[in-house]
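Q: Residues per chain, in single letters:
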Amino acid sequence: MSSNATKDHPQLAAIFNRDEPRVDWHDETLWWVRAKRDIAAHKLPEWELLRETASQIKNNVLSNLSTYLEQFEANAINNGIIVHWAATAEEHNKIIYTLLEKRGISRMVKSKSMLTEECHLNEYLLKQGIDVIDSDLGERIVQLAGEPPSHIVLPCIHKKKEEIGDIFHEHLGSAKGESDPKILTETARQHLREVFLTRRAALTGVNFAIAETGEFVICTNEGNADMGAHLAEIHIASMGIEKIIPERKHLGVFLRLLTRSATGQPITTYSSHFSKPQDGKEIHIVIVDNGRSIQLGREDFRNSLKCIRCGACMNTCPVYRKSGGHSYHTAVAGPIGSILAPNLDMEKYADLPFASTLCGSCSNVCPVKIDIHDQLYKWRQVIVKAGYTPKAKTLAMKGMAFTLSSPMIYRAAGKMGRFTFKYAPFAVNNGANPWYKHREMPKAPEQSFGEWYAKRKENKK
Amino acid sequence: MSSRENILAAVKANQFSQADLPCLEVLSTLTATNDNLVEKYKTIGSAGGSFIYEVADYAAIQNILHKEFKPSVKIISGIKEMNEYTYVADVKHELSHSFADVELCILWSGLGVAENGALWLTEEDMTVRVLPFIAQHLAVVISKTNLVPTMAQAYEKIGNATYGYGAFISGPSKTADIEQSLVIGAHGPRSLSVFILP
Numbered sequence: 001m002s003s004n005a006t007k008d009h010p011q012l013a014a015i016f017n018r019d020e021p022r023v024d025w026h027d028e029t030l031w032w033v034r035a036k037r038d039i040a041a042h043k044l045p046e047w048e049l050l051r052e053t054a055s056q057i058k059n060n061v062l063s064n065l066s067t068y069l070e071q072f073e074a075n076a077i078n079n080g081i082i083v084h085w086a087a088t089a090e091e092h093n094k095i096i097y098t099l100l101e102k103r104g105i106s107r108m109v110k111s112k113s114m115l116t117e118e119c120h121l122n123e124y125l126l127k128q129g130i131d132v133i134d135s136d137l138g139e140r141i142v143q144l145a146g147e148p149p150s151h152i153v154l155p156c157i158h159k160k161k162e163e164i165g166d167i168f169h170e171h172l173g174s175a176k177g178e179s180d181p182k183i184l185t186e187t188a189r190q191h192l193r194e195v196f197l198t199r200r201a202a203l204t205g206v207n208f209a210i211a212e213t214g215e216f217v218i219c220t221n222e223g224n225a226d227m228g229a230h231l232a233e234i235h236i237a238s239m240g241i242e243k244i245i246p247e248r249k250h251l252g253v254f255l256r257l258l259t260r261s262a263t264g265q266p267i268t269t270y271s272s273h274f275s276k277p278q279d280g281k282e283i284h285i286v287i288v289d290n291g292r293s294i295q296l297g298r299e300d301f302r303n304s305l306k307c308i309r310c311g312a313c314m315n316t317c318p319v320y321r322k323s324g325g326h327s328y329h330t331a332v333a334g335p336i337g338s339i340l341a342p343n344l345d346m347e348k349y350a351d352l353p354f355a356s357t358l359c360g361s362c363s364n365v366c367p368v369k370i371d372i373h374d375q376l377y378k379w380r381q382v383i384v385k386a387g388y389t390p391k392a393k394t395l396a397m398k399g400m401a402f403t404l405s406s407p408m409i410y411r412a413a414g415k416m417g418r419f420t421f422k423y424a425p426f427a428v429n430n431g432a433n434p435w436y437k438h439r440e441m442p443k444a445p446e447q448s449f450g451e452w453y454a455k456r457k458e459n460k461k
Numbered sequence: 001m002s003s004r005e006n007i008l009a010a011v012k013a014n015q016f017s018q019a020d021l022p023c024l025e026v027l028s029t030l031t032a033t034n035d036n037l038v039e040k041y042k043t044i045g046s047a048g049g050s051f052i053y054e055v056a057d058y059a060a061i062q063n064i065l066h067k068e069f070k071p072s073v074k075i076i077s078g079i080k081e082m083n084e085y086t087y088v089a090d091v092k093h094e095l096s097h098s099f100a101d102v103e104l105c106i107l108w109s110g111l112g113v114a115e116n117g118a119l120w121l122t123e124e125d126m127t128v129r130v131l132p133f134i135a136q137h138l139a140v141v142i143s144k145t146n147l148v149p150t151m152a153q154a155y156e157k158i159g160n161a162t163y164g165y166g167a168f169i170s171g172p173s174k175t176a177d178i179e180q181s182l183v184i185g186a187h188g189p190r191s192l193s194v195f196i197l198p
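Chains as they are written, first to last, in UniProt numbering: chain A, 1 to 461; chain B, 1 to 198.
For reference, chain A alone in the conformation it holds in the complex (with noise of 0.2 Å):
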């Protein structure tokens, strides 16, 4: 991503868009996830109470969360599972390398963690010396293609699969220009079955993690963590400080929400509770900071610490769908990665709040009920009052209020934009001008507002 690192969302949207058939595409597939997610919705009666409850939920723990995560560890501690504290993501990284430099290993699997690419783990640990593999079939492909996942769901939803073939000729000797789902799918599990076969470590995320009980619970529809944590001497599991329930029984609401909401599914293939370690086994957790704790102190935004990852806000909101996922340049793409970037870094991703229409759309769906759209808002505030709106913006606003200050130049101006307009339209109708992509600029009228009333006044006297 460190080509990306100085371009910012509109200009990496813009390439993107080069490609208007794939746009589409694009735009299309997420929204039949996200009417998947509707019929699921649906066939709920109790869909909206489900959303409150687990809403309530979360926001008990938020008001406890550092009870919650006491008595999270203690519980694990009992259950025989090795807790560590990261307070950032390089503590995270480091953490993760002396447990497998300490046992001498050098090659680990691993299953989906949007922490992990949040902490940039994989790089980190390749500068080591140590391999990794992604064992989710599309985090796998996106690796071997050499670019982080473009969704938390469904991590290379970008790509075609013509490419993703071309991917596996090169590097899994698949057949070249083989492009069947079913085959390439297969030339995976053969692989991969290799990789968990021989891998001494594997590391997972973790979904949820329950107080009452210090066990951690994975969803996967692959099985990829399993066979991964299964087969390997230790499991390294990385979690977010909110990823905290506080009772087993809550899983029953979280379960019931988390895949209708991110693909239209009752429920994932597996939902793995781990709360010991198998014989002659280790079981290791490590629980990431990261930044979470300033955002619960962020009144406006704590609320963003109750997502789930489901991705529905992604698949529903329109700029996502036609900007693609790695025009957000940070690991959580869309509006709730727009709410949890900026809390990073705040002149980093200044740009991606403005990143959205504000339909709402994603507060919508959200099943856990985060006032997305109302926090994108409230976070362009914060950062035009930081002063890391760009530059061309905060010059245009400049303008705008110069202009408007007095009627004199408001009327000189408009005169201008008229004259413009009827004479020399290739002035505003060229690709300089950002109002004129995807649309046809106006016809001006002959004469504003005020010179039609100021002559109606003339000829009714």
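Only true hints are included.
With a Cα cut of at most 30 Å, we get these calculated BS3-like pairs of lysine-lysine:
1) B:LYS42 to A:LYS182
2) B:LYS12 to A:LYS94
3) B:LYS157 to A:LYS249
4) B:LYS74 to A:LYS276
Computed far set for chain B versus chain A, every beta-carbon distance over 10 Å:
5) ASN63
6) LYS70
7) TYR85
Don't read these hints as lab results, they were simulated from the structure.
Note that CB positions come from ideal geometry on N, CA and C, so glycine has one too.
With the hints as your guide, set chain B onto chain A.
A: Frame of chain A; chain B shown alone:
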């Protein structure tokens, strides 16, 4: 201060005043209908890619399995009554990796969920944790009296049971990562057969 103390102190300083936990009772009573759980399970489970059979007894299960699997393949059973296969307790000390060539694994589940086709299996039911994942095919036997309507009742039933590991399994291993085309058989079993006993 260690990171642990730093994090806990920061969290403590930034968390707001107490918000109460909601009551879950309404949710579980709303959905506590026991009508046609088998039918509902069959519909949802089939839609999720499982093969579901209502059978009278273990002999009927054997009959079906004889048709589907050659006698020469490696089959491991966690069910005592199905004694023509290798009994899992007899091989539990073997290295997990040695089960890579298991063609079929048959296990018992004591809890199934009608709303999503999920079956609850604990480490005790599996004996070897990797078995239901590493086998090429999985069969699960459940009694229809062990079906509940939704996850709300499922967790009521699990209660505060202790287990080293437990999983809800709701179908064959699958993925839709390539252009959203559903492909059955990602890393785990290529099929899930569910046998519902009276």
